[in-house]
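So the sequences go chain by chain: A and B.
So the first sequence is numbered by the working numbering: it starts at 1 and just counts up by one.
So the second sequence is numbered by the working numbering: it starts at 1 and just counts up by one.
Just to be clear, a hint being listed does not mean it is correct.
Just so you know, same-sequence chains aren't split out, so a pair can sit in one copy or run between any two.
What the hints assert, rightly or not - Straight line, CA to CA, 30 angstroms or less: simulated DSSO-like cross-link-like pairs of lysine-lysine:
1. K82 / K117
2. K60 / K110
3. K60 / K72
4. K72 / K110
5. K60 / K117
It is worth saying that the hints were derived from the structure and are not from the lab.
Number of protein chains: 2
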Amino acid sequence: MSDQSVTIYVCTSCRTEGQPLEPRNERAGARLYAALDEAASAEGAPHVTLVPVDCMSVCKRPVTVGFSTPGKWTYVYGDFAKDTPEAAAATILDSASRFAAAPDGLIPWKERPEALKRGVIARLPPSAA
Amino acid sequence: MSDQSVTIYVCTSCRTEGQPLEPRNERAGARLYAALDEAASAEGAPHVTLVPVDCMSVCKRPVTVGFSTPGKWTYVYGDFAKDTPEAAAATILDSASRFAAAPDGLIPWKERPEALKRGVIARLPPSAA
Numbered sequence: 001m002s003d004q005s006v007t008i009y010v011c012t013s014c015r016t017e018g019q020p021l022e023p024r025n026e027r028a029g030a031r032l033y034a035a036l037d038e039a040a041s042a043e044g045a046p047h048v049t050l051v052p053v054d055c056m057s058v059c060k061r062p063v064t065v066g067f068s069t070p071g072k073w074t075y076v077y078g079d080f081a082k083d084t085p086e087a088a089a090a091t092i093l094d095s096a097s098r099f100a101a102a103p104d105g106l107i108p109w110k111e112r113p114e115a116l117k118r119g120v121i122a123r124l125p126p127s128a129a
Numbered sequence: 001m002s003d004q005s006v007t008i009y010v011c012t013s014c015r016t017e018g019q020p021l022e023p024r025n026e027r028a029g030a031r032l033y034a035a036l037d038e039a040a041s042a043e044g045a046p047h048v049t050l051v052p053v054d055c056m057s058v059c060k061r062p063v064t065v066g067f068s069t070p071g072k073w074t075y076v077y078g079d080f081a082k083d084t085p086e087a088a089a090a091t092i093l094d095s096a097s098r099f100a101a102a103p104d105g106l107i108p109w110k111e112r113p114e115a116l117k118r119g120v121i122a123r124l125p126p127s128a129a
């Protein structure tokens, strides 16, 4: 389904409400990143590049994730801690495939996973750069 | 102060609470874009490229604005309708100069205008692309 590589940014600093600061690798964001890394390896997802980010400045809607491909709209989504890391990772990889298949990054509404419909935080147009 | 060009994205679809859908050019976002265009021309701000955007999918924090330069962090801010378009435009152009002067786009906290401290919506790291 995918025809272009997708960078997936994952905020590894994200914590759910009341979650302690330490250990950092047990934060919701770090756990989602680990689950995504494992799922992408298991699936063999050569079109996906995972990038851990030390704070995406959203904070109130953990876990925050971004999708980016040069020449397409960039999207930021949140609320992925509402699910288990494994389930969220599966949704995110499926979404990345749909994003990759959309020439401009705009996934048709009917095909958009529920998590993306509800979780959008912001989007930016294709860069002129 | 600036040493690199900055693309400023302005969500021209943004409306304040209760603002009617039409006319589109009276929406808070469109008015801010017009004020920015006028202020940038008056200032002679050759380092700034203004890009109107038809919805940045934030909606709840009008007006939404993004700062982007290749190789730097990309920032999305909101709440610029809390001020007059002219005052918000001045703050945004000042912020763009500070963003341009920061090699990685990270404006030191003490120098950061209050509107940016309070209004951050999300950020993305420098693209690997």
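Can you give the numbers of the hints that this structure goes against, from lowest to highest?
The structure breaks none of the hints.
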